[in-house]
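Please model the entire structure based on the sequences and the hints provided.
Listed below are the residues making up each chain.
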Amino acid sequence: MNDSARGLQPKHQRLALVVVAVVAIVAAAIIATWALRSQASYFYVPSDIVKHHPAPGRSVRLGGMVEKGSVVTRPDGVTIEFVVGDGTARVPVRYSGIVPDLFVEGSGVVADGRMQANGTFIADKLLAKHDENYVPRELEEMTAAQKKMVVEETTSR
Amino acid sequence: MIAELGLAALWLAAALAALQLVSGFLAARHGGEAAEAELAVLVRPAAIVQGVVCVFAFAMLVCLFARTDLSVKLVAMNSHSMKPMIFKLAGAWGNHEGSMLLWVTVMSAAGALIAIVERRLPERTMQATLAAQGFVALGFYAFLLFSSNPFERLPMPAIEGNGLNPLLQDIGLAFHPPTLYLGYVGLSVAFSFAVGALLTRQVTPEFARAMRPWVLGAWIFLTIGITAGSYWAYYELGWGGWWFWDPVENASLMPWLAATALLHSASVLASRDALRAWSIMLGVVAFSMSMVGTFLVRSGILTSVHAFAVDPERGSFILALLAIYIGGALAVFGLRASTIAEGERFALVSREGALVINNVLLSAILGVVLLGTLYPLLTEALGVRVSVGPPYFDPASAIFALPMLVVMAAGPLLRWRRDRLQRVRRPLIVAGAVALAALLVALALDGPGILPLLGLSLGAGLAVASVLPLRGRNLRRLPLATWGMVVAHLGIAVSLIGMASDTAFSEERLSALRVGETAQVGPWRVTLQSVSPVAGPNWNALEGVMLASYAGGEPARLAPQARSFWAPPQETTESALQTRWNGQLYAVLGKAADGQRWQVRLWWKPFVTLIWLGGLMIALGGVLALLGNVARDLKRRTVQRKAAARRAELAR
Numbered sequence: 001m002n003d004s005a006r007g008l009q010p011k012h013q014r015l016a017l018v019v020v021a022v023v024a025i026v027a028a029a030i031i032a033t034w035a036l037r038s039q040a041s042y043f044y045v046p047s048d049i050v051k052h053h054p055a056p057g058r059s060v061r062l063g064g065m066v067e068k069g070s071v072v073t074r075p076d077g078v079t080i081e082f083v084v085g086d087g088t089a090r091v092p093v094r095y096s097g098i099v100p101d102l103f104v105e106g107s108g109v110v111a112d113g114r115m116q117a118n119g120t121f122i123a124d125k126l127l128a129k130h131d132e133n134y135v136p137r138e139l140e141e142m143t144a145a146q147k148k149m150v151v152e153e154t155t156s157r
Numbered sequence: 158m159i160a161e162l163g164l165a166a167l168w169l170a171a172a173l174a175a176l177q178l179v180s181g182f183l184a185a186r187h188g189g190e191a192a193e194a195e196l197a198v199l200v201r202p203a204a205i206v207q208g209v210v211c212v213f214a215f216a217m218l219v220c221l222f223a224r225t226d227l228s229v230k231l232v233a234m235n236s237h238s239m240k241p242m243i244f245k246l247a248g249a250w251g252n253h254e255g256s257m258l259l260w261v262t263v264m265s266a267a268g269a270l271i272a273i274v275e276r277r278l279p280e281r282t283m284q285a286t287l288a289a290q291g292f293v294a295l296g297f298y299a300f301l302l303f304s305s306n307p308f309e310r311l312p313m314p315a316i317e318g319n320g321l322n323p324l325l326q327d328i329g330l331a332f333h334p335p336t337l338y339l340g341y342v343g344l345s346v347a348f349s350f351a352v353g354a355l356l357t358r359q360v361t362p363e364f365a366r367a368m369r370p371w372v373l374g375a376w377i378f379l380t381i382g383i384t385a386g387s388y389w390a391y392y393e394l395g396w397g398g399w400w401f402w403d404p405v406e407n408a409s410l411m412p413w414l415a416a417t418a419l420l421h422s423a424s425v426l427a428s429r430d431a432l433r434a435w436s437i438m439l440g441v442v443a444f445s446m447s448m449v450g451t452f453l454v455r456s457g458i459l460t461s462v463h464a465f466a467v468d469p470e471r472g473s474f475i476l477a478l479l480a481i482y483i484g485g486a487l488a489v490f491g492l493r494a495s496t497i498a499e500g501e502r503f504a505l506v507s508r509e510g511a512l513v514i515n516n517v518l519l520s521a522i523l524g525v526v527l528l529g530t531l532y533p534l535l536t537e538a539l540g541v542r543v544s545v546g547p548p549y550f551d552p553a554s555a556i557f558a559l560p561m562l563v564v565m566a567a568g569p570l571l572r573w574r575r576d577r578l579q580r581v582r583r584p585l586i587v588a589g590a591v592a593l594a595a596l597l598v599a600l601a602l603d604g605p606g607i608l609p610l611l612g613l614s615l616g617a618g619l620a621v622a623s624v625l626p627l628r629g630r631n632l633r634r635l636p637l638a639t640w641g642m643v644v645a646h647l648g649i650a651v652s653l654i655g656m657a658s659d660t661a662f663s664e665e666r667l668s669a670l671r672v673g674e675t676a677q678v679g680p681w682r683v684t685l686q687s688v689s690p691v692a693g694p695n696w697n698a699l700e701g702v703m704l705a706s707y708a709g710g711e712p713a714r715l716a717p718q719a720r721s722f723w724a725p726p727q728e729t730t731e732s733a734l735q736t737r738w739n740g741q742l743y744a745v746l747g748k749a750a751d752g753q754r755w756q757v758r759l760w761w762k763p764f765v766t767l768i769w770l771g772g773l774m775i776a777l778g779g780v781l782a783l784l785g786n787v788a789r790d791l792k793r794r795t796v797q798r799k800a801a802a803r804r805a806e807l808a809r
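First to last, the protein sequences are chains B and L. Each residue of the first sequence is one higher than the one before, starting from 1 at the first, in this note's numbering. Each residue of the second sequence is one higher than the one before, starting from 158 at the first, in this note's numbering.
By construction, these hints were calculated from the structure, which means they are not laboratory data. Just so you know, not all the hints are guaranteed correct.
Within a straight-line C-alpha distance of at most 20 Å, the following computed SDA-like cross-link-like pairs (lysine to any residue) qualify [unchecked claim]:
id, chain 1, residue 1, chain 2, residue 2
1, B, Lys125, L, Arg186
2, B, Lys125, L, Ala216
3, B, Lys125, L, Leu585
4, B, Lys125, L, Val543
5, L, Lys748, B, Pro54
6, B, Lys125, L, Thr660
Since this is a predicted model, take the numbers as computed values, not measurements.
If you want it as C-alpha cells, here you go:
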C-alpha cells in the first residue's frame with residue numbers, strides 16, 4: 001500500500017475534515033440568518049400590517065382578536081369574512097374552509113396567509129386555542145389590557 | 158397507600174442512582190488498585206435494583222390511574238371516572254409529571270439492561286458508563302421529587318376528575334409519547350457510553366460496537382414515533398397536513414437527525430476505526446437534542462399547538478439539568494478529545510468520505526432547524542416577538558437535504574478506505590437518468606413548485622441507487638445489516654416521493670352540501686348521505702355519512718365526525734379516510750352552513766401514504782441492521798469462546 005503518496009497525511013486529513021465541517025456550519029448559519037431575517041416580520045398584529053404593509057402575496061401570520069359581530073358567512077356556505085383587530089387597527093380577513101372548533105367571535109385567533117393588494121387578508125389556515133390552557137403566545141405582544149382580554153377569553157372558565 | 162409506596166420507591170431509586178454514580182465513578186477512576194475499587198462490585202447491582210424499583214414506582218402510578226384515585230392530584234387533574242380504561246392507563250403518561258416519570262423509568266430500565274447484558278466493554282469503561290447513567294438519572298429524580306411529584310395527594314379528594322385532553326384520547330397518541338421516550342432515552346444511553354469512554358480514554362471499535370445497538374434501538378423508536386406522530390397530526394387535526402414544523406415536532410426531529418448522523422459515524426468507527434472524536438461528539442449532541450426537545454416541550458416556552466404544562470419553574474429546572482449535563486460532557490470532551498488516539502486514514506472518495514459528508518450535511522440541517530426553533534426565544538429576549546414557520550424551514554432545510562440525497566445515492570456504492578469515482582460512474586449514470594426521466598414526467602404533469610419537482614426527481618433517482626448495491630451479490634448471503642441499509646435508504650426515497658407527490662398533486666374541494674348532493678374532487682365523486690347524531694363513551698358527535706366512488710367504481714362509505722367531549726368540554730374533528738394504492742381521500746365534516754347545508758372539506762392526496770410507508774421502511778431497515786449486528790456479535794463471541802477453549806486444550 002502506497003498510502004503516504006496518495007492519501008492525505010493524518011494531520012492534513014483531519015484539518016480538511018475540520019475545514020469542511022466549519023464551512024458547512026458557517027454556510028448553514030449564514031443561510032439560516034439570511035432566511036430568518038426575511039422571516040423576522042413573519043408575525044403581524046393588525047397595527048403592524050397597517051404600519052408596515054407586507055408585500056401582497058408574501059406568506060405572513062396575522063394575530064389578533066376576532067371582532068364581535070364581524071363574522072359573516074358568504075352564500076357559498078364555506079367562506080367566512082371577519083375582522084381581526086388589536087384595539088388600534090383592524091384588518092378584514094377572508095377564509096375558505098372549516099373553522100377550528102374553538103374559533104369564536106371576540107376571541108383570539110392566529111391566521112396563516114397573505115395580504116391582497118386591496119387590503120384584505122386571505123387566510124389559508126386558522127389557529128385558534130387548542131385546549132382550555134392554550135393562549136397563542138404571539139398575542140402577548142398586544143397591550144396589557146388586550147392581553148388580559150385574550151387570556152380571559154382563552155383560558156378555562 | 159399506593160401513592161406513598163410509589164413515592165417511597167422513587168426516593169429509593171434516587172438513592173440507588175446516587176450510589177451507582179459514586180461507586181461507578183470511584184471504581185472507574187481507581188481501576189483495580191485502590192480500596193475504592195471494592196465499590197466496583199456495587200455498580201451493576203445498583204443499576205439493576207434501581208431499574209426494578211423505578212419500574213415499580215411507575216407501576217404504582219399506572220395503578221392509581223386505573224383505579225381513578227381522585228385523592229391524588231395528578232389523577233384528579235388528568236383523568237375522569239367515565240373514561241375508557243385504555244385512556245385511563247394512557248392518562249398516566251399523558252401529562253407532565255407522568256411523562257417525566259415514564260422518561261426516568263425507561264432510562265433506569267435501560268441502565269439495568271446494560272448492567273445485565275453488556276459484557277463487551279472493558280470493565281472500567283462499563284463502570285464509568287453506569288456512573289454517567291446514574292448521574293443523568295439522578296437529575297431527573299431530583300426534578301420529579303422537588304418540582305414535579307406525580308404522587309402528590311390533594312388535601313381533600315376531588316369529587317370528579319378533570320378528564321384528559323380529548324386530542325390525546327386517541328389510541329395512536331396514547332402510545333406515541335412512550336415510543337418517542339424510548340428513543341430519547343436510548344440516546345441517553347449513547348451519551349453515557351460516550352462519557353464513559355471519554356473518562357477512561359477507551360474510544361475503540363469495540364466501544365462503537367457496544368454503543369451501536371443502543372443508538373440503533375433509539376433511532377428505530379424515534380423513527381416510528383415521528384412517523385406515527387406525523388400520521389396522527391394528519392388525521393386528528395383535520396388540516397390534511399403531515400408536517401407543520403411545530404416546535405414539538407422539531408423537538409423529535411432534531412435528536413433523530415443527530416442520531417442518524419451518529420449511527421453512520423458509529424458504523425465507521427466500528428468497522429474502520431475512524432471518526433473517533435466525531436462519534437463521541439455526536440453521542441453528546443444527540444442526547445443534548447433530546448434534552449433540548451424535552452425542555453422546549455415541557456417548559457411551554459414556545460408556542461405550540463401541542464405544548465402543555467406551561468410552568469417557568471420547570472423550564473428553569475430542565476434548563477439547569479441541560480446546562481450541567483451538556484456543559485459537563487463538553488468539558489470532559491474538551492479535556493480528553495486530544496488524548497483519543499487517531500484512527501485509521503481514508504481518502505475523500507471512499508465510503509468513509511461519503512459518510513463524513515452525509516454527517517456534515519445532517520449536522521447542517523440540524524443547525525438550521527435548531528436555529529429556527531430557538532430564534533423566537535432569542536428575539537423574545539430582545540423584546541421582539543416573531544414566529545418562524547414553513548417559509549423558513551422548507552427552503553433552509555432543503556438546501557442541505559437535496560445534496561445529501563445525492564451523497565446517499567453514491568455513498569453505499571463506494572468502497573471503504575479509497576475508491577475512484579470512475580468505478581461508480583455507470584450506476585450513478587443509471588440513477589441520474591431515472592431522476593431526469595422522473596423530472597420530465599413531473600414537468601409534463603403541469604405545475605408543481607420547484608421543491609416538489611426536485612423531490613420527485615431525486616426521490617426516483619435515490620430509489621434506484623439504493624437497490625444498486627444489491628447488484629451482482631448473492632442475495633441469500635448478504636449480511637442483514639446491508640439489507641437494513643438498502644431498505645432504510647429506499648424508505649427515505651419512498652417517503653420523499655410521497656411528500657413531493659402530495660405537495661405537488663393534492664386536490665382540495667370545499668363545499669356546502671345538502672343531504673343527497675354530490676361533490677367532485679380529483680377522480681372521486683362524494684355524496685353526502687346523511688348527518689346524524691351519534692354517542693360515544695364520553696362524547697357526542699355529529700356524524701356525516703358519505704358515499705365516495707373512485708372514477709365511477711364501487712362506492713365506499715366514509716363517516717367523518719365532529720365530536721363534543723364532556724370532560725373537559727371541547728370539540729374535535731374526526732376526519733375520515735379512504736385509502737387506495739394510489740392515494741387517500743380525506744374528508745372532514747364542518748359546521749352547518751345555514752340550516753340545510755353542511756360544510757364538507759375533501760382532499761384527494763395522490764400517493765400520500767408513501768410518506769408513512771417510507772417511515773416504516775426506514776424503521777424496518779433499522780430493525781434489520783440491529784438484528785444483523787446482534788447476530789454478528791453472537792457469532793464473534795462463539796468463535797472467540799471456541800478459540801479460547803482450543804487454546805486451553807493445547808496448553809494442557
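Note to self: Checking each numbered hint in turn, tell me which of them this model violates, lowest number first.
What the structure shows: 1, 2, 3, 5
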